[in-house]
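Peer 1: Dock chain S against the given chain W, drawing on the hints supplied.
2 protein chains.
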Amino acid sequence: MKMKFNRRKFIKSTTLISAGAIVMPLKNYAEMKKGILPKEGLKLSFEPYNLQLKHVFTLANSSRSTTPVMLTKIEFQGITGYGEASMPPYLGESQETAAKFLSELDLGQFSDPFRMDEILEYVDNSRLGNTAAKASIDIALHDLTGKIMGQPWHKIWGFSAESTPDTSFTIGIDTPEVVKQKVKEAAEFNILKVKLGRENDKEMIETIRSVSAAPLCVDVNQGWTDKKMALEMIFWLKEKGIEFVEQPLPKESIDDIAWLTQNSPLPIIADEAVQRLCDVQATLGIYSGINIKLMKCTGMREAHQMINLARANQMKVMIGCMTETSCAISAAAQLSPKVDWADLDGNLLISNDRFDGVKIANGKITLNNLPGIGIRPL
Amino acid sequence: MKMKFNRRKFIKSTTLISAGAIVMPLKNYAEMKKGILPKEGLKLSFEPYNLQLKHVFTLANSSRSTTPVMLTKIEFQGITGYGEASMPPYLGESQETAAKFLSELDLGQFSDPFRMDEILEYVDNSRLGNTAAKASIDIALHDLTGKIMGQPWHKIWGFSAESTPDTSFTIGIDTPEVVKQKVKEAAEFNILKVKLGRENDKEMIETIRSVSAAPLCVDVNQGWTDKKMALEMIFWLKEKGIEFVEQPLPKESIDDIAWLTQNSPLPIIADEAVQRLCDVQATLGIYSGINIKLMKCTGMREAHQMINLARANQMKVMIGCMTETSCAISAAAQLSPKVDWADLDGNLLISNDRFDGVKIANGKITLNNLPGIGIRPL
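Protein chains in written order, with this note's numbering: chain W, 1 to 378; chain S, 1 to 378.
Isolated chain W (complex conformation) (with noise of 0.2 Å):
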């Protein structure tokens, strides 16, 4: 235990040491860039790895006790970012999928990780889907940049640090007993959020609130099917305390979606309605807002874009999850500042994260001060 401690306290003080370091590549970069060093091309790395889940997790269709990520590196003028691609099986990249994709890809044409435009162009075109994989890029490039810049993200793009919200923690499907004692268990969360779309769904909600009065919020996977009978489910909802509703019917659904919503006394949130960046005009009075995931957008460029745009078009915005070390989630979190609910506890989760990160903090995200994306590799 000890040991451990010690450990962990080295590499905490070489970091901080290496804030001052950051000035060495940063010279280098400015030398290559004036043509007194050769031109250096990115290295990308990547490496396989099975994040394991404190408690097997239920999903409407689903339940499983680990989850398949591939962590990457993009290396440049002795500066590291770092990436991640979570991959849930139920969304079709596997770990092979992503292995294949990131080895095809040449980052190495490129010298300079500031080309956003240019290099995700080239990856987002090099194949289609594979928008985990290509998360993974993007992500590492932000937090090589924002190293190079010695600035974490949420600073450069000009957001207060402590707009941030809190964040929901998922109440997996159960026992009533298990789930009880996971209410209990999630009493720092200022907001909690349940699996719906299942034969049980008023009796998970009473479950809930025999033990807490927390605020809820309900992802219900498209699982009801009758926009009525949703309807009646949400005006029940409402007085249950839910704060909004994501996904309540099939995505193809679309005059049904826009009818709940016109009707409904919750917001109604596009989940698997929206992927990426050309999805969100679609939404427009049809669903109240969107859940921006980077794991389906292609990372954080995407998504800032994704949120300036829903803005711009007054829609509520919502980031969420995979299950993700805390890198990932480091990541999305630098965009929340800027969005109306985050659920961003896939970090919680596991047993086994890589990176120290962005932490909870009283149920509210809370960035730091790291250039980048905020983490630190453990």
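Check each hint, because a few of them may be wrong.
Reference excerpt, derived from the structure (chain W facing chain S, CB under 10 Å, subset only) [what the hints assert, rightly or not]:
1. M116
2. I119
3. T145
4. Q151
5. H154
6. K155
7. I156
8. G158
9. S160
10. Q281
11. R301
12. H304
13. N308
14. R311
15. K338
No farther apart than 25 Å at their CA atoms in a straight line, the calculated lysine to any residue pairs in the SDA-like style are these [claimed, not checked]:
16. W:K359 - S:D117
17. S:K316 - W:R311
18. W:K54 - W:D201
19. W:K39 - S:P337
20. S:K73 - S:F110
21. S:K316 - W:D279
22. S:K316 - W:A282
23. W:K316 - S:D117
24. W:K316 - W:L266
Don't read these hints as lab results, they were simulated from the structure. The beta-carbon is built from N, C-alpha and C at its ideal position, and this holds for glycine as well.
Peer 2: For chain S alone, coordinates are given in the frame of chain W:
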């Protein structure tokens, strides 16, 4: 002459040395954030300045030989960010209104120049209007934070420097002989801009075409009134090699403009009809694109958001300017890799520039690698 050359050389060499000196304030900044140094507020100062025009400038309704501007500085931890408000009289601001506006601001309350959301919201809410004065704060803040990060904003935004467009160069309304002379002097530009909206519109175009086959664009400044006459004129202009038309009809004639855009063989660009981010939505389906000017939209931050919003709606984007020094022009040029057309010739029209900044090379905007907005004071 030799004296002057040496003086400029001296300034240049000290500026180069100061690239290394950025490390010092960076360290101060880091120590201040850690609480080792006392907090220090932003220090704003400003200076009225009158731009001397090389040629008397004639618009549809006025002509003049000077333009009043306000030069601003924001100092923080030994680093200076430069800004500018350009105030051609027909837009309603003056050195007096700008001085009043700026002197009422208390930027000393802010000890972190990165908190742009918060600072610029405070500035924007302090008074209605005053968009040029507001832009002078936004530009200085971008210059300052870019210098702290050691990078120019086109890189921080992830753009590719060489994606900049050609800039158009405006040929003022004058006698045919003077117009011909001006067109010949503008041979290095790949696109010329002509102000129309008078009796002699066709004569003006014919005069230019008698000495040049260069692509042209026209700005009517709401000068036409009849939509059918306008459409006829636009068909004629297309035959003459004109690329697009700015604000052909009064901005209030929304139905007529929508009809014109639908039937026009050339893109119709909103100028007077768009000032700020909140105006963009109203142009969708009415115009083909928008002209963004820092002095009207309060600066680089909002301009960047306007570009993203217009792009997401498949609108064309143009970035324009007033008569201004290389300060405001270089600030606008940071955004130019993301626009279809640029009209950033304002600094080329004056004889007493105060900054060395972004250049035009063979008609194309050519960004440099200086941190911030890419300028050095002369």
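Peer 1: Each hint should be assessed against the structure and marked as holding or not.
Peer 2: Hint check results:
{"no.": "1", "hint": "M116", "in the structure": "3 Å, holds"}
{"no.": "2", "hint": "I119", "in the structure": "8 Å, holds"}
{"no.": "3", "hint": "T145", "in the structure": "8 Å, holds"}
{"no.": "4", "hint": "Q151", "in the structure": "6 Å, holds"}
{"no.": "5", "hint": "H154", "in the structure": "9 Å, holds"}
{"no.": "6", "hint": "K155", "in the structure": "4 Å, holds"}
{"no.": "7", "hint": "I156", "in the structure": "6 Å, holds"}
{"no.": "8", "hint": "G158", "in the structure": "3 Å, holds"}
{"no.": "9", "hint": "S160", "in the structure": "5 Å, holds"}
{"no.": "10", "hint": "Q281", "in the structure": "7 Å, holds"}
{"no.": "11", "hint": "R301", "in the structure": "7 Å, holds"}
{"no.": "12", "hint": "H304", "in the structure": "9 Å, holds"}
{"no.": "13", "hint": "N308", "in the structure": "5 Å, holds"}
{"no.": "14", "hint": "R311", "in the structure": "9 Å, holds"}
{"no.": "15", "hint": "K338", "in the structure": "8 Å, holds"}
{"no.": "16", "hint": "W:K359 - S:D117", "in the structure": "23 Å, holds"}
{"no.": "17", "hint": "S:K316 - W:R311", "in the structure": "21 Å, holds"}
{"no.": "18", "hint": "W:K54 - W:D201", "in the structure": "24 Å, holds"}
{"no.": "19", "hint": "W:K39 - S:P337", "in the structure": "23 Å, holds"}
{"no.": "20", "hint": "S:K73 - S:F110", "in the structure": "15 Å, holds"}
{"no.": "21", "hint": "S:K316 - W:D279", "in the structure": "20 Å, holds"}
{"no.": "22", "hint": "S:K316 - W:A282", "in the structure": "20 Å, holds"}
{"no.": "23", "hint": "W:K316 - S:D117", "in the structure": "18 Å, holds"}
{"no.": "24", "hint": "W:K316 - W:L266", "in the structure": "12 Å, holds"}
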